[in-house]
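> If you read the sequences in order, they're chains A, B, C and D.
Count the first sequence with the numbering used here and you get residues 91 to 442, in order.
Count the second sequence with the numbering used here and you get residues 91 to 442, in order.
Count the third sequence with the numbering used here and you get residues 91 to 442, in order.
Count the fourth sequence with the numbering used here and you get residues 91 to 442, in order.
Calculated from the structure, these hints are not laboratory results.
What you were told as hints is all true, and nothing was included just to trick you.
Since the list can't tell identical chains apart, any single copy or any two copies may satisfy a pair.
Straight-line distance between alpha carbons at most 35 Å, and here's what the computed DSBU-like set of lysine-lysine pairs gives:
| id | residue 1 | residue 2 |
| --- | --- | --- |
| 1 | K134 | K325 |
| 2 | K134 | K101 |
| 3 | K176 | K161 |
| 4 | K176 | K134 |
None of the values given here were measured: they were computed from a predicted structure.
There are 4 protein chains.
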Amino acid sequence: MTEDKHLIPLKVAVVGAGYWGPNLVRNFQSHLGSELLWVCDVDKPRATRAVGRYSTVRVTDNLDDVLCDPKVEALAVATPAATHCKIALMALEAGKHLLVEKPLASSVAEGEAIVELARERGLTLMCDHTYCYTPAVQKIRDLVATGTLGEIQYIDSVRINLGIVQQDIDVFWDLAPHDLSILDFVLPARWQPTAVAAHGGDPIRAGHPCLGYLTMPLTSSAIAHIHVNWLSPTKIRTMIIGGSRRTLVWDDVNPSQRLSVFDRGVDVADTSDSEVRRETLVSYRVGEMVAPALPESEALQSTVREFVAAVRERRPPLTDGDAGLRVLAILEAAGQSLQQHGRLVPLAAALR
Amino acid sequence: MTEDKHLIPLKVAVVGAGYWGPNLVRNFQSHLGSELLWVCDVDKPRATRAVGRYSTVRVTDNLDDVLCDPKVEALAVATPAATHCKIALMALEAGKHLLVEKPLASSVAEGEAIVELARERGLTLMCDHTYCYTPAVQKIRDLVATGTLGEIQYIDSVRINLGIVQQDIDVFWDLAPHDLSILDFVLPARWQPTAVAAHGGDPIRAGHPCLGYLTMPLTSSAIAHIHVNWLSPTKIRTMIIGGSRRTLVWDDVNPSQRLSVFDRGVDVADTSDSEVRRETLVSYRVGEMVAPALPESEALQSTVREFVAAVRERRPPLTDGDAGLRVLAILEAAGQSLQQHGRLVPLAAALR
Amino acid sequence: MTEDKHLIPLKVAVVGAGYWGPNLVRNFQSHLGSELLWVCDVDKPRATRAVGRYSTVRVTDNLDDVLCDPKVEALAVATPAATHCKIALMALEAGKHLLVEKPLASSVAEGEAIVELARERGLTLMCDHTYCYTPAVQKIRDLVATGTLGEIQYIDSVRINLGIVQQDIDVFWDLAPHDLSILDFVLPARWQPTAVAAHGGDPIRAGHPCLGYLTMPLTSSAIAHIHVNWLSPTKIRTMIIGGSRRTLVWDDVNPSQRLSVFDRGVDVADTSDSEVRRETLVSYRVGEMVAPALPESEALQSTVREFVAAVRERRPPLTDGDAGLRVLAILEAAGQSLQQHGRLVPLAAALR
Amino acid sequence: MTEDKHLIPLKVAVVGAGYWGPNLVRNFQSHLGSELLWVCDVDKPRATRAVGRYSTVRVTDNLDDVLCDPKVEALAVATPAATHCKIALMALEAGKHLLVEKPLASSVAEGEAIVELARERGLTLMCDHTYCYTPAVQKIRDLVATGTLGEIQYIDSVRINLGIVQQDIDVFWDLAPHDLSILDFVLPARWQPTAVAAHGGDPIRAGHPCLGYLTMPLTSSAIAHIHVNWLSPTKIRTMIIGGSRRTLVWDDVNPSQRLSVFDRGVDVADTSDSEVRRETLVSYRVGEMVAPALPESEALQSTVREFVAAVRERRPPLTDGDAGLRVLAILEAAGQSLQQHGRLVPLAAALR
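Model the full structure from these sequences, guided by the hints.
Structural data, given as C-alpha cells:
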C-alpha cells in the first residue's frame, strides 16, 4: 500500500452510524491523511453517539448538509445495502469520491449504475472489502501469487456464528460477500468461479435462508465452497486453500496463529503411460508447518489509507467497483440457484 | 446395550486383515463373549501379522477353510466393499451370522440381496457402523431422543484429513458412510433426508472425487450437509446439530471435550399476527454450555458386544441391514447427483 | 455494582497517557456518569494523541493545571508506579478523589502513606485492579462465595507472554499484581496467603527477574502458585482453582469459553478409623463440565462505574486502598524471598 | 537409534503386569528383535490378562521361574518402585540384562547398588525413560544440540491431570521423573541443575504431596521449573524451552502440532558501555513459527529397540543407569527441600 505523502488531509464524511459506521468514524479520525467533517445518520442521536460527547465533528440527519458542503471531498457509506445505490449516485452527482460498505449494492444492475457514473465523473469508487486489508489476507495473496501454494486445488471457507438474523437480506448477502471478496482478491484470473450452486436453510422460518452453502467450480478443475450460518453457537472462521505444493489454513479466531502453511499433501506423478497403475502415482508428503509472522494492524486503518491514497493518486483502489460487481454477480446467481433447488448456475463470462 | 449373560462364547472368524481387520481381531479376542477361531486374508502373511507371533488363532488364505468349519458361527467381514456381496452371500449360505464393514455393499441392489438372504435364513446381519457405538454418538442419540435439543434445525458434518486416496472408491463412498450412518442412528424418522445434492472435486485427477459435499434437505424443513475430504492437511471431525432448544457441537478430535451442548441460540416467537413486524419475533439467548461426561470405552468393543448379544438373543442389532441399506441409498443417489452437476436427487420414500 | 443514578457527572482528569492512560481516557469519556476535563502527561504531545485531533478535552504537561482546577473532583493516575506516591499525596492534599493504577505504590510504606491521607481527608481511594471487574472474575468470586467449588484446595495461575522488559520494575511488580489482586478479590478471608517464596530468572541479564514463580501457602492447607514471564512467545493466561467440590479453569485467551467448571475430581471419605486402608478412601468423580454464560462487557467501564459510584455514595470501592496494600505486602515479601534464595517469607498477620 | 541386524531375537521376560507391564508385553511381542518368554506378576491372573487368552507366552507368579530359566537373557521390570532394587539385584545376580521402569529405585543408595552390580557383571542396565524415545523429545534434543534454540534461558514444564492418587509415593516421585529424565536427555552438560527447591500441597490429606512445584537453577544462569499435579481436571502436558535464538513449545496433548519453534523473542545487544542506557539494548523479534514434521512412532517400540541393540552391541543405552541416578538425586534433594519449607538444596557436583 502506498505511504501517505500528502500534506493536506482528505475531507470526508461518514454516512450511516449503525454497526459499521462508528468504526469508519474512528479510523478516519485517527488517520493523519484524512479529516472527518461530518457524520450523517437518519437517526441523529445515533450519529451523535458515534462521535461521542467530546467531539468537534459535526453531525446531521440530513444528507444534503453533507452533499452541499463544498469542503467535503469524499463519502464513506455504511448504510443498509438497499440504500447504497441512491446515496452513491447522489454523492457522485455532487462530485464526491466514494468508499462503499459491502455489498456494493442490492443487485448487479444497481452496482453497474454506480460503477458507470463513477467512471463517467472520474471519481474514485472503492468497495470496503475490509478483509482484503487484513495482514492475513494480504499474506495469503502473496503466497498464492508467488506460487508458494502451487496450483490451487480447492478452497473451503466457513463463516459461522450466532449472528443477527437480518430482516432485509439473507445470510448469503450478509456474510458471503466477505468470502467472495477475499477469493476475488487472492485468486489470479485463472482460478475464478465459473458457476455457483446454492443451498439454504431457514429452519427458524425467518423468511429467507439463515444458513447456507455455496459451491463454485473454478476454472482449472478446482472447487470452492462457502458455508455461512447465523445460527451456530460456536464461532468458526476458517478458510482452507489446498494447493499442489502446500496447503494453507487460515483460522481467523486464533490470533496467535492465524495462518498455517502445511508442507504436507499428496503428490501425483505426471505420466502419460496408461499402463502404469494409477495407485503407484500417488504418494504422500509429511512436512513441516510454518506459521508466517503477520504484522499487527487494523484492517480498517489500511482500508482508509488505501482509499485516501487512491483518491490522491487518481488510480483505482485495490478493491474497486469492478471487484464489487464480481461479488454481486455471484450473489445474484446464487439467488437464482436457490430458487431452482440448487441448480448449478453459470456465471457470465464477462464478469469473470 | 445388553449385558453379556451367555456362558459359551460365540465362535467367530475375521475375514480381511487389511486396515480394519486387525482391530476386529483385537476386539473379538478381548471380548469374553466371543472366541476367535480364524483370521482369513487373501494375503496370508498379512493375516499372520494380524494375530502376531504368539497367537493360537489359525490363519488361512482360503475362505472355504472358514466357511466349512462347522464350529464357526459368525463372520466379521472387513474386505474391500466390492467383495462384500459375494462373501456375505457365501457366508449366509453356509449358515454364518454376519458383521459387515461399512459400507454394506457396493450398491443398493447388492445390499438388498444380502439383507434378503439373511432374513430368509434367519441369520443376524449387522453393519459395522462403528461410530454409532461411541459414547459420544450414544449420548447424541439420547439428547435428540429426549428432546434436549428441541426440533432439529440443521446438521453440519465435516470429516476431513490427509487420507489415503483410494483407487476403487471415491471419497463419498469411503468417508460419508460414517456421517450418514450417524445421522441414520441419531435422527428419529421425522427428520430423515428426502433428497441429496452432491458436488465433488478431483483436483489431483485421481479419476473420482477426492473431496466433496453432500446437501440433504430433511423432512420438517431442516437441512443436513456433509463435507468429506482426503486432501486436507488438518484433521477436522466436527458435527454441529442445531436445535430449537439447544445446539450440540461434537468435536471428535478433542478428547477432553468431545461434546458441547450450547444453551445459546435464537428464539422465534410463535404468532399468527401478520401485522407484528417479524423483527420483533426473533431474540437471542446467551446461555451456558455443558460438556456432558462420557464414559471412556472403545467403540469397537461395544460393537462386538452388540453383535454377540444380537446373535444370542435372536434380535436385530442396533445397526442392522436396513440401516446399511439406507446409507447405500443415499450414496447411490449422491452418485447420480454428481453426474448431473449437483442436481437435487429425491430419495425413494420407501428407504426413508 | 451500583447503577448510576447521579445526574451530575463526576469531573475527572487522567494523569499519565502512556500505555494504560488512553484506555482510561476512552472509558471516562464514554461513561455517562463522568466528565473528562483534563489529560495530563509530562510528554504533552502524548497527552494530545490520547484525546485525538477532534477532542474538546484539555491537555497539559503541568500537573498543577489539574490540581488547581477547582472543577476537577477526581484524578485517575496511570503514571509509572514510582511516581504514584508523590502524585497521589499531592492530589489528596488538593482534595481530589483517586483512582490509582496498579500497583498502588512502590512499597508498603508509600502505600500506607496514601491510604492514611485518603482516610484522613475522607476522600475515595480506589486501586485500578481492572481484572476484578471482568465478568469472568466476578463470576469466579460468586462461585467461590456460594460454595460451588467447595473448599479451595489449590490455585495455579500462569500469566506469560512476550511482554515489554521493563527498566524500572521486575516481572513480579509488573505482572503479579494482576494475579494477586484477583486472589485477594475472589478468596474469602479463610484462604489468604500466609507466606511467600519467590524464584526468579534473569537469563537475558536485564538486571532483575524477567520470569519467575511465587508459591504461597494459604491458610487451611491450600496452596497458590503464580508463574509470570515476559519472555514466552506464547501467550498463556490461565488460572486453575481446585476445589473439593468442583474445579474451575479460567482461560482468558479463549473468549468463547473463558470459564470451565469441572464436576470432576477426587473424593476423600472422612473417617477416623485408622484401620481402614487409605486407598479405599479416595475415589474419582467423572462428571460434566459447565461453561457459565458471561456477559460481554469491558472491565474498565465497570471499573470507572464503580469508582464514580463509590465517590458519589461515599463508600469504599470494591478494590480499595487496603486491597492495594495487601498486594504490596506480598510483592515486598517476595522481594525479600528472592534475595534469600527462595526462602519462605511469612506475611504479617496484620495484612492478611 | 541403531537398526536391528541381529537375527536371533533377544529372549526376554516382563516382570510386573500392572499399569505399564502390558505395554511392555505388547511391544516386546511386536519387536522382531526380541522374543517374549514369560510374564511374571505376583497376581497371576493379572499376568494372564496381560497376554490374553490366545497367547503362547508363559505366565507365572514366581520370579524364580524366570530367573532360573537359562533361556531368559533379559528382564523388563515394571513393578512398584519400592521393589525395583530387590528384583534388579536378583536379576543381575542371575546374569540377566535389565530394563527398569522409572524411577530406577526408591533412593540414590538403592540406585547406586543396582548400577554398581550391573557394571561389575558387565550387564546392560537401561532405564525406561520412555519419553526420551518419543519423536518429539528426540527432535528437541536435536534442536538444542545443533544450537537452533541458542543458549537455554528457561524451561517450564507442566504435567497435570486427574491422576491416580498413589499410596506409596508422592506426586513428585510419580510424575516428575518424566520431566527430569527429559531434561537430563535434552540438556548438554553446561545447563544442568545445580540445586532444587520444592513446594508441595496435600489439600486432600493423602499423607504426601498431590501437587507440587520444583524450581531448579541451572548452570549458566538459566532456570527450570516443573509443575506436577494429580488433582487437575484438565490435562496439560506442556514444556517451554526458552532460548536466546528461538523458543520451543512442546504441547504433548496436541497430536497435530506437538512442537512449535518460535522465532520470536527478545534480543539483547552486547555492550560494555555502561553509559548506554539499558533500555536501548533490548529489542523484540517477531518472526515466524515452525512446527517440525515428526514421524509417527510409538516411543515404547523405540525403547525396546534401543534396549535390544544396547545388549547386542555391548554398549550403554541412551538412558543408562547413570541417567537414572541423576533423576534419583534430584528427587531425593527435592524431598529434603520439602521438609525444609522449600529451602534451595544444592545438588552434589558429582551427580551433575
